[in-house]
Amino acid sequence: MADENEHEEYDSDEEVEMTAADVLLKLEEAWLNEKFAPELLESKSDLVECMLEQIQQMEENLTRCKKGDFRIIIHRMELDRIKYIITSYLRIRLSKIEKFVHHNLEKELNREDSESSKLSNEEFVYAKQYADNLESHLKSVAIKHMPPNLQNFDKDKTAPRPNLESYIFLKVTEDQEGVMVEEETDEHENEIINLEKGAQHIMRYKPISKLVENGSVSLI
Amino acid sequence: MAKMFGEKALELIRELHRSSEGTLPPYNDDTLRQVLEEMRALYEENQKDVGATVAGEQGLFAGVQFRHASLERNKRCLLAYLYNRIQRIRTMRWEFGIALPKDIKENLSEQEVLWFNKYSKGLGDYMKSIGDAGLDLTQDMQPPKSLYIEVRCLVDVGEFETEDGTIILLKKNSQHFLRRSQCEHLIRQGIMEHIV
Numbered sequence: 029m030a031d032e033n034e035h036e037e038y039d040s041d042e043e044v045e046m047t048a049a050d051v052l053l054k055l056e057e058a059w060l061n062e063k064f065a066p067e068l069l070e071s072k073s074d075l076v077e078c079m080l081e082q083i084q085q086m087e088e089n090l091t092r093c094k095k096g097d098f099r100i101i102i103h104r105m106e107l108d109r110i111k112y113i114i115t116s117y118l119r120i121r122l123s124k125i126e127k128f129v130h131h132n133l134e135k136e137l138n139r140e141d142s143e144s145s146k147l148s149n150e151e152f153v154y155a156k157q158y159a160d161n162l163e164s165h166l167k168s169v170a171i172k173h174m175p176p177n178l179q180n181f182d183k184d185k186t187a188p189r190p191n192l193e194s195y196i197f198l199k200v201t202e203d204q205e206g207v208m209v210e211e212e213t214d215e216h217e218n219e220i221i222n223l224e225k226g227a228q229h230i231m232r233y234k235p236i237s238k239l240v241e242n243g244s245v246s247l248i
Numbered sequence: 793m794a795k796m797f798g799e800k801a802l803e804l805i806r807e808l809h810r811s812s813e814g815t816l817p818p819y820n821d822d823t824l825r826q827v828l829e830e831m832r833a834l835y836e837e838n839q840k841d842v843g844a845t846v847a848g849e850q851g852l853f854a855g856v857q858f859r860h861a862s863l864e865r866n867k868r869c870l871l872a873y874l875y876n877r878i879q880r881i882r883t884m885r886w887e888f889g890i891a892l893p894k895d896i897k898e899n900l901s902e903q904e905v906l907w908f909n910k911y912s913k914g915l916g917d918y919m920k921s922i923g924d925a926g927l928d929l930t931q932d933m934q935p936p937k938s939l940y941i942e943v944r945c946l947v948d949v950g951e952f953e954t955e956d957g958t959i960i961l962l963k964k965n966s967q968h969f970l971r972r973s974q975c976e977h978l979i980r981q982g983i984m985e986h987i988v
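Which chain is which? The protein sequence lines are A and B, in order.
Every number in the numbering used here is 28 more than the matching position in the first sequence, counting from 1.
Every number in the numbering used here is 792 more than the matching position in the second sequence, counting from 1.
Hints are computed from structural coordinates only; laboratory data are not their basis.
Possibly wrong hints are sitting among the right ones.
[Unchecked claim] Derived DSBU-like pairs (lysine-lysine); straight-line CA-CA distance at most 35 Å:
1) B:910 with A:63
2) A:172 with A:95
3) B:897 with A:111
4) A:156 with A:111
No experiment lies behind these values; they were computed from the predicted model shown.
Required output: the full structure, derived from the provided sequences and hints.
Quick look at the structure:
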């Protein structure tokens, strides 16, 4: 890939050196996870920003290259591909934010300080204005004209919520023991399985949502 | 004349259900008003019955319950109708950009146009806030297959300056071999077509 353009990049949270190739790999993983997960996942805006900076650097380098150099075409293709991944990732997030806007805002307002936010700052601003726009539209066009006892717009009851029971394919990236897949009920006992690295499974999203978050499985 | 309560509201739902994905039938203000009118009438009947019950009359509760259920159903249908229209209009922002084609815009109500403009603005603000210089998310909607593509110009546009400074004359039916990223929005607007 971008052999000449690899350089060290510091991940500000953990002081770990990551090359541009590493960042891209992590971004690809985040993109696929986001695509297949039924709910909004944690925002990886640091990866996005880092990659955008890389792209800018690479584009500057390319303008300085001799025109007609064959490698320019290859590099430009790579840049186009990376841009596609970034925009697709952000688009998928936006569509989930819009679809489940009330659910996401509610979660954000109710979360503990220790939990991290699923929405980046900019996404939060976007979600708020989208929710307000939608609500004021519905209210001004219909609800306002309805009889007084129906004027409450109960968002908790009417808001769409992500289906956490939907089935997803996953690939195990780190060995996991004792994952509880089904809880104990009168009909059957706890179903506990062990996940082996490299194995692929299809199962409900809900039991493994935490594993997606910490990176021990990735969705495919 | 409606034979049962909620019939008109159901008409609205059917209208949307029948129309194909991606199209938007004209905003049915008439039927919407009729549903609101039905709701008003139902409510007034209920007010009367509630008053009579308080005054001692018996046997009215079932009627009140029934009318209330119809009211709730009407409300649900109306909100579903409006919400689903909004979803289709939202898709159009991503397909057509900020300026909607005239024949589509005709089918939107005034408030829907207002919603669309606010949505566009919110989206624009968000895109500008990404990274240092902003990022246009309505570009690069498909995975790139090649760097350059053949395009044919469908209308006379005039001079067009490409990224590296060369000026191209875009005349109707002229063909060009251009960077995909530069043509993308022109293709979406219908000014050019991609020759496969």
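Hint-by-hint comparison with the structure:
no., hint, verdict
1, B:910 with A:63, "holds, 27 Å"
2, A:172 with A:95, "violated, 63 Å"
3, B:897 with A:111, "holds, 31 Å"
4, A:156 with A:111, "holds, 27 Å"
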